[in-house]
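Enquirer: Chain residues, written in single-letter form:
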Amino acid sequence: MTSLEPVIKTEKLTKRFGDFIATNEITFEVYKGEIFGFLGANGAGKTTAMRMLCGLSRPTSGKATVAGFDVYRQTEQIKRHIGYMSQKFSLYEDLTVLENIRFFGGIYGLNNQQLRVKSDGLIERLGLQSEAKKLVGDLPLGWKQKLAFSVSILHEPDIVFLDEPTGGVDPVTRRQFWAMIYEAASRGITLFVTTHYMDEAEYCHRISIMVDGRIEALGTPAGLKTKLKEPSMDGVFYQLARGAKRGDS
Amino acid sequence: MRTIRFLLQKEFRQIFRNRAILMLILVMPVIQLTILPLAADYEIKNINLSVVDHDHSPYSRQLISKITASGYFKLQGYHTSPNAAYRLIEQDRADLILEIPPGFERNLVRDGEQSLFVAINAINGMKAGLGGAYLADIISDYNHDIRVALSHPPRFSAAPFIEVVPKNRFNPMLNYRFFMVPGILAILLTMVGGFLSALNIVKEKEVGTIEQINVTPIKKHHFILGKLIPFWILGNIVFTLGLLVSWVIYGIFPAGNIAAMYGFVCVYLLAVLGFGLLISTYTDTQQQAMFIMFFFMMVFILMGGLFTSIESMPGWARAISALNPVSYLVEVMRMVVLKGSGWAAILPHLGAIFGFAVILNSWAIWNYRKTA
Amino acid sequence: MNQFAIFIKKEFFHVLRDRRTLLILVGMPIAQILIFGFALTNEVKNARIVVVDHAKDNASRSIINRIAASNYFEIQADVMDRDGMETAFRAGDIKLALVFPPSFEDNLAHQNHAQLQVIADASDPNSATTLTNYVSSIIRDYQTELNEQAALPYQIAPQIRMLYNPLLKGAPNFVPGVMALVLMLVSVMMTAISIVREKETGTMEVLLVSPFKPAWVILSKAVPYLLLSLINVLSIVLMSVFVLQVPVKGSWLLLFAESTLFIITCLTLGIFISIKTKTQQVAMLVSLMGMLLPTVMFSGFMFPIANMPVFLQWISNIVPAKWFYIIVKSIMIKGVGIEGIWKETVILCGITLLLFIVSLKSFKIRLQ
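Chains as they are written, first to last, in this note's numbering: chain A, 1 to 249; chain B, 1 to 372; chain C, 1 to 368.
The following block holds chain A by itself, in its conformation from the complex (with noise of 0.2 angstroms):
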């Protein structure tokens, strides 16, 4: 299941904008093969730091290694290692499903008979086959969300940073969704995921939850749950996030 070899490693990173400090000097590690929940609040400074993991914005200080590199000066070994599904819908709209797979997979250096293999077998686990040679701008946003999620493993990276793929999505996708992120970790990639549904952090295997920019939990759900005293990670959030300034309560 998971072995104690931290794929990402991050002490005190800390990311400021102007006086606003979005994320405050935060210190966790994430271990290969399993899957690591980041939670927190809307605001709280979970995208801030998945995108300075993924070598998407230069950290004010701290240190952190993605995979062995170094945040700040392997970002592009970083990329070639990982793989990124952002909140923000960002496959081509205008491009078919077959087409998006492709180009993405093209730009990680698949080969010709690697894409079409690992294409044919992506569009049948995800049952689009009658779909394939669609504008994925048409497709409901569930499908869109798991092909995003799909495209991102493509390549087989060590590690896939997920931010918030379940948004807006119903409950039966979402248990889908989870399944297949399930199926990702037993074939050994590591996920890196932020969510803001507390519930989604029971399928985790460890959690850290952020408020304000720090993070002032990790561990496992059940380890968290038992230490605040808590019956749900609901619950354990509430606590945590009662005196929060930035966020939605």
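Do not rely on the hints blindly, as some may be mistaken.
Under the rule of at most 27 angstroms between Cα atoms (straight-line distance), these lysine-lysine pairs were calculated in the DSS-like manner [said to hold, decoys possible]: (1) C:Lys10 <-> B:Lys205; (2) B:Lys167 <-> C:Lys56; (3) B:Lys205 <-> C:Lys276; (4) A:Lys63 <-> B:Lys220.
It is worth saying that the hints were derived from the structure and are not from the lab.
With the hints as your guide, set chains B and C onto chain A.
Expert: Relative to the frame of chain A, chains B and C by itself:
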């Protein structure tokens, strides 16, 4: 290299799927190139002449018919008072007033000299200057006729007459179309290249797909090349369409080296596209990109030497023109199409545009950040 | 009405928050009017020419001196053979060449007739004609002096008065023209893009399903841009008066009233474009690429409309900038009052009304 192939595939697919844009890129320039040159004509004609004739003599009538016979002036009407005529100038229904004083004929014969009063609407200084010059010429000619009629031949030595013999090189018929068509094509090409490339990267930024690109190991310069090449090809297509329109509709066939012209256009497109890409790396929304591009386009186009001549501009404006790619293209187009120039003649222009292309594209690549 | 005010407020916030765009929208017209006001002129100056004097007599030298003294010409060389001239013309190094035949003065004195060859680069017919005319007028002045020395009888002396622009400067023509051009393009672009943007991002739908009448929603978008454009008009006119030395001879109030009308016309056109297009890209291409050159060409400040073929003259009648250019010229340069421009004003009103009705109709169709 493979990456570029994928990028190009994607870009072309997106372009061809967008019917509206494709139509705009291909059809609009053709329509504009067909219609607009017909509007371009600086020739001085149709000057509306208002006459206030206080004399009503044969002389005044002869003068007036001589003036209207010249073809430059159109008789708008006769008025009894200068004020009525001035009102017409205010209303833009007359451009020029000729006032013939009372007793013109009689006084000229008796005293040997008379004045005529002319008022010209000089808001368009050039038109007024030339119009006045033509009128002065006609009056002087008329003066000569009067002299000949009134004097008996040996009483005066004829005025020495210097005849200006004009010879018009490259465009003997002074056909304005020859001049405007290549120029308008140059402008259209610039607009297509500039606007499309400026919008492109910004659109991906606005929609969010650029994040997905930035998170891949794709190289910056590959990405930018992937954006340049499709529009470069489109630009060449638009240019070819333009040449066809010039030939079929206006009968203009380049007198010079077509290969040289294409060679220049290829490099020119790189420069213009590079400029658009550069702007799109500096802006976050399509709206901003559009306004900035609009500003530069206006400057490039109005100061490109097509509508007004560059030499007449003040020094600082001429310096700006050295940085204006459109001025180079307009000149090269004219040189090749009308003067029959070849590679040798356009070499300095080619060098300058090549410099622009290199600088602008490098700047765009340097400024593009995969990591914010 | 209160709802309308709420919407207008929201739109103002949108506009004011986008600092960069705001800067561009306010600064750009100022920059443009300054650049074009100073740089654009119909005159031809500093033209590089070559004079070849085979005569080298008093007459030719006298004429050449006058030519050298005028600012129209810059004599590059006084020796050149045919081939050299041809190369120079081709390379664009010279625009004109004057050739005096060997016995110029002699011919003038004994036959009362001499020829002067003026070779012009007619690939730019405008420059060629103008320069040739400049030469002709210098020659004419010279001839007049000779005539006066000859004391010819029956002199008719035309006294020419240049109205409104005695110094024949470029600015009085170009400032109103650029003003019309810039105001039109910017106003159209601003509304077209902002409304389509909402369509593209989907926020428009939210507004449309609200209980507020859709027409108000759209109008509320135009209001901040109306204000912005009026600020632009003020800055352009101030620049024109104080920096370009082109004063407002007529009524400032009338100028602003007419500008308001024109801006409303353009905003309505922008609204129309935004209803008809689906994406920002298309809206932009239509309002920029589609309108830039036609507005420059048909507004009348670059090319006289009277010279155009008739069907093009009709086309120019639907270009609002054409009418506004006439209005601005009349008020600013001629000092005319409403009596002189009521016709153009009515036409602008008519165009606005037409655009408004068509927009409303298209909009309703969209909704169904």
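Enquirer: So, for every hint listed, does it hold in this structure?
Expert: Hint-by-hint comparison with the structure:
1. Under the criterion of a C-alpha separation no larger than 27 angstroms, the hint pairing Lys10 of chain C with Lys205 of chain B is consistent with the structure, at around 25 angstroms.
2. Taking the CA atoms of Lys167 of chain B and Lys56 of chain C, the gap is near 22 angstroms; set against the 27 angstroms cutoff, the hint holds.
3. A threshold of 27 angstroms between alpha carbons decides the hint, and for Lys205 of chain B with Lys276 of chain C the separation of about 25 angstroms falls inside it, so the pair holds.
4. Using a Cα cut-off of 27 angstroms, the hinted pair Lys63 of chain A and Lys220 of chain B holds, with the two alpha carbons roughly 25 angstroms apart.
Against the hints set out earlier in the document, no violation occurs for any number.
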